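Novice: Sequence:
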Amino acid sequence: MAGAYIPNEIETRWQQRWEAAEAFRADDADPRPKKYVLDMFPYPSGDGLHLGHVENYTISDVVARYARQRGFNVLHPMGWDAFGLPAEQYAIENQVHPRDAVARNVGIFKAQMQRMGWSYDWSREINTTDPDYYKWTQWIFLKLHEKGLAFMAEVPVNWCEALGTVLANEEVIDGKSERGGHPVVRKPMRQWLLKITEYADRLLEDLDGLDWPSHLKQMQREWIGRSEGADVTFTIGDEHEFTVFTTRPDTLFGATFCVLAPEHPLVDGITTDAQRSGVDEYVAKTSRRSERDRMADVKTKSGVFTGAFATNPVNGAQIPIWIADYVLMGYGTGAIMAVPGGDQRDWEFAETFDLPIIRTVAPPEGFDGQAWEGEGAAINSGFLDGMQVPEAKRTMIEWLEEKGVGSARVTYRLRDWLFSRQRYWGEPFPIVHREDGSYAALPADALPIRLPDVASYKPTGTGESPLAAVEDWVRTTDPADGAPALRETNTMPQWAGSCWYYLRFADPFNTSAFCSKERDEQWLPVDVYVGGVEHAVLHLLYARFWHKVLFDLGLVHTQEPFQRLVNQGMILCPSYQTEENGSYLRIEDVEIRDGTPYVKATGRPAYSIVQKMSKSKKNVINPDEIIREFGADTLRLYMLFMGPPDADKLWDRSGIQGVYRFLNKAWRLVVGDDRREPRPRTSDATSGAARHALHTAIHGVTQDMEALAYNTAISKLMVLLNAMGDLDTIPEEMVDAFLRMLAPFAPHMAEELWSATDREGFASLADWPTYDESALKTDTEEYAVQVNGKVRGKLVIAAESPDEAILAEAVALANVAEHIAGKTLVKQMVVRGRLVVLVVK
RNA sequence: GCCGAAGUGGCGGAAUUGGCAGACGCGCUAGGUUCAGGACCUAGUGGCCUUCGGGCCUUGCGGGUUCAAGUCCCGCCUUCGGCACCA
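Position 61 of the first sequence, counting from 1, maps to 146 under the working numbering, and the rest follow consecutively.
In short, the hints are calculated from the structure, not lab data.
Predicted model only: the values in this text are computed from it and were never measured.
Using N, Cα and C, we set each Cβ at its ideal position, and we do this for glycine too.
Just to be clear, a hint being listed does not mean it is correct.
Claimed, not checked - Result set (EDC-like, lysine to aspartate or glutamate): computed pairs, CA atoms no more than 20 Å apart in a straight line:
#, residue 1, residue 2
1, K801, D857
2, K602, D637
3, K697, D737
4, K700, D733
5, K702, E676
6, K801, D811
7, K750, E817
8, K801, D789
9, K602, D112
10, K272, E483
11, K195, E210
12, K220, D592
13, K272, E210
14, K280, E246
15, K697, D789
As the list claims (entries may be wrong) - Just the calculated beta-carbon pair ranges, DEER-fashion:
#, residue 1, residue 2, range
16, T561, D637, 27 to 33 Å
17, R671, T437, 46 to 52 Å
18, D113, P350, 53 to 59 Å
19, G266, S601, 54 to 60 Å
20, D453, G740, 51 to 57 Å
21, P350, D453, 28 to 34 Å
22, Y524, P449, 54 to 60 Å
Kindly produce the complete structure, drawing on both the sequences and the hints.
Specialist: Okay, here's the thing in structure tokens:
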């Protein structure tokens, strides 16, 4: 008899043994086929792991452990994405240097990760803030610069006052910062940009070959936003001309006015004196409005006539030129031809300002809407009349090109990637500015450009990084000629370090390259990448871009970094608010009576909604408490048992009992507890029903493992354990296979029982069991007998019985006979192994 | 507004190509066991009806195809996610 199952004791012991034996180390010299299983590495925040991490990393851990047991040489590394805003914000809030805060938080994270029993190869741990690491981030930047993909420009940027920095388009959501939700305004500033647009087509096309969730690919496609159309040049008298971009060149005959963005450079020059004051006022008003305000009233159309007229190149018509803020300077050419008959926005504008409307595509019979944006035959369009839209487009583009007033063109929603930040905690640029205003990239041997210590690392708010105040760091010389120069004081954004970290894991200590050709070829691409959907258009797009650049430079051998991507669902949890003022309540301060939540202190009802866990909603569950109470194995198992990996999951701790009981049951069966002897085992071969149960389980669990259907895999292990519990003596073979299959999910329990039953080595590294096809069959089969679609009886018959025998027994069943009595049998068939179909009239 | 995903017992969720809806677990009910238990064991558990043989209903709603529909087709509703004046 053994003692009770005490998870904490067992788990820490096995964690130490795995570590001492370096059980999960990925060996470069191992000749077996490789499997690279990667997590999106975390920002080590001060709060430690949350349940989202636990879910993410448990899924990948099971993938990695299963792959090991299937004989793969597995690379499953972990590291820290520690530069950037979250780390810096935390440091400012807690009055510590970011470096110290990162070191401390990394310690917390790592201890928690090890406590979960995740099988990382810690010998490859990396940290993006380590100079040995960011040296190579800077080096890759130099490569981008050499290729002409990094450049400086005065551009309207997203300036966030509260964060004291500019942000990338991807970091701005609804006019607010992705982090913190602070207001963001447009403001022109001189900034570094990366030409991701040059890769737009490849980023789009290569999505097809990736094994990613389709909705995620769709998000990237939409973000890139490729649209095909044409540029059309309009002239204004003899002096000016401007170009518009349109996806509907076929509707050019219906262009009854043009609209320029208020920021369009031509606006000032073409405005007539009579319209001057109105135009100036509108332009000023627009520039004061934030992006957010501009988006807030999409419904109402505003605009001002410039007094100028443009010549429609297709028919010479003089059409008025307006300015309006629904035309964006940052997209296309910042100018449009307005076709109210074929575009609802233009229709609304035309109605508001009483401008003419001409239909150029015949709407379908009975159409009583406004603009018709669909297919149809061209009308009122001269040489296009009668053509369907696609043909009309082609014909118009040919005409425009022939006349030299337009051409086919593709535009993208994707903009170049704004790559500089006015913050302290990021990679410095390997760039110096010379006195003559030019700048120079530093040579590779000058790297790393270390981040200096500063007195204050808080944002200055002036648009300059805190680094600008570090005189002796800023003042330097251009190594090319020794002339005085100033260092670039912007830093790289958070995403820089994570753009290539997956490559560094393959070769973490290389001092002469970011990753050697050999290691790249050995380990890349990542076979399974597990992480949240929140990175769909940020990290995942940026990393693909860098990877393609590295590919073009011949530095990596694959076009894409992440072959298969798995998105875990979100963990949702009820949050509680007072009904009075909506302030959030901690879960401990709420009690549930008859399914209704009440505020404990006041006894008044509380308002509850289910949403994503977040600190501000006070609905965060701390994994440490669950581990303390039930152990890591139970938490791992429960996380997976709640539902499929990609589904959102409602956190409800009442279900934990189920998986905890399952582990206890396994424990008692194999080693017993303080009251019960373990179940006797036998080395005799498994036979009969037990054999069938065993092989069905192996077959089913294996299938589920391949499909990442871990919730059903666990349920099949439960079925197997229940079957073992029904036996007086358990065949050793069953215990063996059970433990091997338990190992990826509850590795500590598996190890403990593995060693308690005198098995050699680690269960975590034991081969995956195989099943015998013949054992999946049973001697008898059960058939449901349907009469006119309803089950009227069941019969058990020897397997492989001929159809005739089955049908004969089926019609002989008492209840079946009753239902067919006095009627004509019009159809009878047997669905092998399942049912008998009888149709009567 | 546009695009995408999803709606199955009291709850989380299962269901190859259309083939016995509700696996597994939680919860609940009854019994056993225990000094005790938020422990363990056994049995039951979608709803309604029942002469205890069985019958009828049931996968968001309404139609349809089929011997047979959670699964396929048509039309709606709801929820979640993404995009949001992108020309």
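Novice: Compare the structure with each hint and give your call.
Specialist: Verification of the hints:
Pair hint K801 plus D857 holds up; C-alpha atoms about 17 Å apart against a cutoff of 20 Å. At roughly 14 Å between alpha-carbon atoms, K602 and D637 fall within 20 Å of each other, so this suggested pair holds. For the hint linking K697 to D737, the alpha-carbon distance of about 13 Å falls within 20 Å, and the restraint holds. Pair hint K700 plus D733 holds up; C-alpha atoms about 19 Å apart against a cutoff of 20 Å.
A hinted pair counts as satisfied when its Cα atoms are at most 20 Å apart, and K702 with E676 qualifies at roughly 17 Å. Among the hinted pairs, K801 with D811 is consistent with the structure: their alpha-carbon atoms are about 15 Å apart, no more than 20 Å. The suggested pairing of K750 with E817 holds, with an alpha-carbon distance near 17 Å, which does not exceed 20 Å. About 9 Å separates the Cα atoms of K801 and D789, which keeps this hinted pair within 20 Å; it holds.
Of the supplied pair hints, the one linking K602 and D112 holds, its CA atoms being roughly 16 Å apart against a limit of 20 Å. Note on K272 and E483: the hinted pairing is violated, with a Cα-Cα distance of about 40 Å set against a maximum of 20 Å. For a cut-off of 20 Å, the pair hint linking K195 to E210 stands: about 10 Å separates their Cα positions. Between the alpha carbons of K220 and D592 the distance comes to roughly 14 Å, so the proposed pair stays at or under 20 Å and holds.
For the hint linking K272 to E210, the alpha-carbon distance of about 40 Å lies beyond 20 Å, and the restraint is violated. Pair hint K280 plus E246 does not hold up; C-alpha atoms about 26 Å apart against a cutoff of 20 Å. Restraint check: the Cα-Cα separation between K697 and D789 comes to about 28 Å, which exceeds 20 Å; the hinted pair is violated. Evaluation of the 27 to 33 Å hint for T561 and D637 yields a pass: the beta carbon distance comes to about 31 Å.
The hinted range of 46 to 52 Å is satisfied by R671 and T437, whose Cβ atoms lie roughly 51 Å apart. Between D113 and P350 the Cβ separation comes to about 57 Å, which falls inside the hinted range of 53 to 59 Å. The hinted window of 54 to 60 Å between G266 and S601 is violated, with their beta carbons roughly 43 Å apart. For the pair D453 and G740, the beta carbons lie near 54 Å from each other, so the given range of 51 to 57 Å is met.
Taken as a hint, the range 28 to 34 Å is violated for the pair P350 and D453, whose Cβ atoms sit roughly 41 Å apart. The given range of 54 to 60 Å is respected by Y524 and P449, whose C-beta atoms sit roughly 59 Å from each other.
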